[in-house]
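A.B. asks: Residue strings, one per chain:
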Amino acid sequence: MHKSFLMTDLAFPLIVAVACAGIMGGTSLFLTNRVGAFNEIFVVQMLSNGLQTGDYAAAASFAAGFLIARVLEGPLVGVLDIGGSLMTGVGIGIPALLIASGYKGLIENFTTAVLFGALAGLVVGLVILLVRKSMPQGLSAAGTDVMMGAGNAMGRYLGPLIIISAISYSIPAGIGAFLGAALFYYLKKPIPGGAILGAMILGTIFPVK
Amino acid sequence: MLSLVVKSVIVGALAGWAVTVGAVRMFHAPEIQSMGAFRTLGELNACKGDPVSHFMFGLGFLFNSAASVVGAGALTQDVLHRIVPNWASALVLLKTKDTSEPLNNTRLMGMAGAIVGAVVVTLLNTISSAVPSSMAVVASKVLGQASNWLINPIMPIIFWLAALDAGVQSGVAATLLGGLAQMIMGNAVPGCVLGIIIGKNVEENGWNKSVKILLTIVVILFASIAYFRGFHVKFFKAFAL
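As you go down the protein sequences, you meet chains Z and L in turn. The opening residue of the first sequence carries number 1 in our numbering; numbering runs sequentially from there. The opening residue of the second sequence carries number 1001 in our numbering; numbering runs sequentially from there.
Keep in mind the hints are simulated off the structure, nothing from the lab. For each residue, glycine too, the CB sits at the ideal point set by N, CA and C. Hints are not guaranteed to be accurate.
As the list claims (entries may be wrong) - DEER-style ranges, computed between Cβ atoms:
#, chain 1, residue 1, chain 2, residue 2, range
1, L, 1031, Z, 149, 22 to 30 Å
2, L, 1002, Z, 77, 38 to 46 Å
3, L, 1149, Z, 77, 32 to 40 Å
4, Z, 185, L, 1203, 32 to 40 Å
5, Z, 167, L, 1228, 36 to 44 Å
6, Z, 156, L, 1232, 32 to 40 Å
7, L, 1186, Z, 102, 14 to 22 Å
Sequences and hints are given; from them, build the entire structure.
C.D. replies: In structure tokens form, the structure reads like this:
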């Protein structure tokens, strides 16, 4: 049976590079237009918080932890989790590190961001192939399951936090937040989306004096 | 606006192509190194062969992604994990009717993924820039406070408790490194994460060379961060040295 080039080992770093080029481009769009980051609300907010406060320790360490854990795990199971490794690790962690070191322009400029993303992806892809070919003795992906469990649990906290925050912002925003969250929960959708939309709508109709 | 559209088409096509090719490779893992998410694999299997199921499944996530990008500029991971792979499968199935194509044909699936990615990302990004700025202000104020709480102290607590539940070695290592990290970096998460990785490796493989190398790197990392943040000065002052 004919085996396409895209199914070979050699193609893997190239595919990762293209994915990271796109994801880093998305992060660049987020910096310039405040839209388009390929990630969950709470991860993107970590980067926003860094932009506002100048302290990128949380974003960089959270994302770098995921990148390392996923790169160790990926070759073991044959599936590289792109959520933790590429969207969070490369898409949020590397920009956080670069901006903290004073290279904000590199990510703000769309072209250099895409090129830099491709380069970062190429490196990640090559490292994974290397790890796959020579699994280091005595160091396993132990502990990554614990970390992933904790990371996934975090997203659950965001919904209630948004409602509490909206209530402390204003009464209309608060009412909008919990009504929106209840509606989204009823419709079996994640509640942060409903909470924000509700807070935005009622908070805009009845602004804070 | 035009530049936003052009850039959205570029990033959507790039990322869409790559995740779709990665998803096709997932059906051939672990013999072939693939990329994606296990949930994508399961969900693609669940509506295998039926373009309408694939389309409806992706559509369910589109509305949530739209809410998230309007409120916070975040597309959510569902765009690349769920919407793009499922809609690409639906597109390919409309064309070929051969249900094995989405699992094998990287070239065709990649093309479909690039098209879907470009369209979906552009749609979501332009929707949110149509939202008035007074609304965006409310969203960013409310979200900003919520995410501050999430980052400190909720995130450190979640990772800390996970480490304590994972056994004696992880619990002790994460508590020591977490405390140091909170003091030096202002957030315990990096310490807890490193504590979990070190503790679990000690538990499973013993005190071997790899663990010692890892621990040495961690010590150097913490010491240099402490130095560059001026922590040693505060430390000596606090103990009146």
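A.B. asks: Give a verdict on every hint.
C.D. replies: Results for each hint:
Roughly 28 Å separates the CB atoms of residue 1031 of chain L and residue 149 of chain Z, a value that falls within the hinted 22 to 30 Å. At about 43 Å, the beta-carbon gap between residue 1002 of chain L and residue 77 of chain Z stays in the expected band of 38 to 46 Å. Distance hint for residue 1149 of chain L and residue 77 of chain Z: a CB-CB separation of about 34 Å, consistent with the stated range 32 to 40 Å. The hinted window of 32 to 40 Å between residue 185 of chain Z and residue 1203 of chain L holds, with their beta carbons roughly 39 Å apart.
Distance hint check for residue 167 of chain Z and residue 1228 of chain L: the Cβ-Cβ separation is about 39 Å, which falls inside the suggested range of 36 to 44 Å. The beta-carbon spacing between residue 156 of chain Z and residue 1232 of chain L, approximately 38 Å, falls within the hinted interval of 32 to 40 Å. As the Cβ distance of residue 1186 of chain L to residue 102 of chain Z is approximately 19 Å, the hint placing it in 14 to 22 Å holds.
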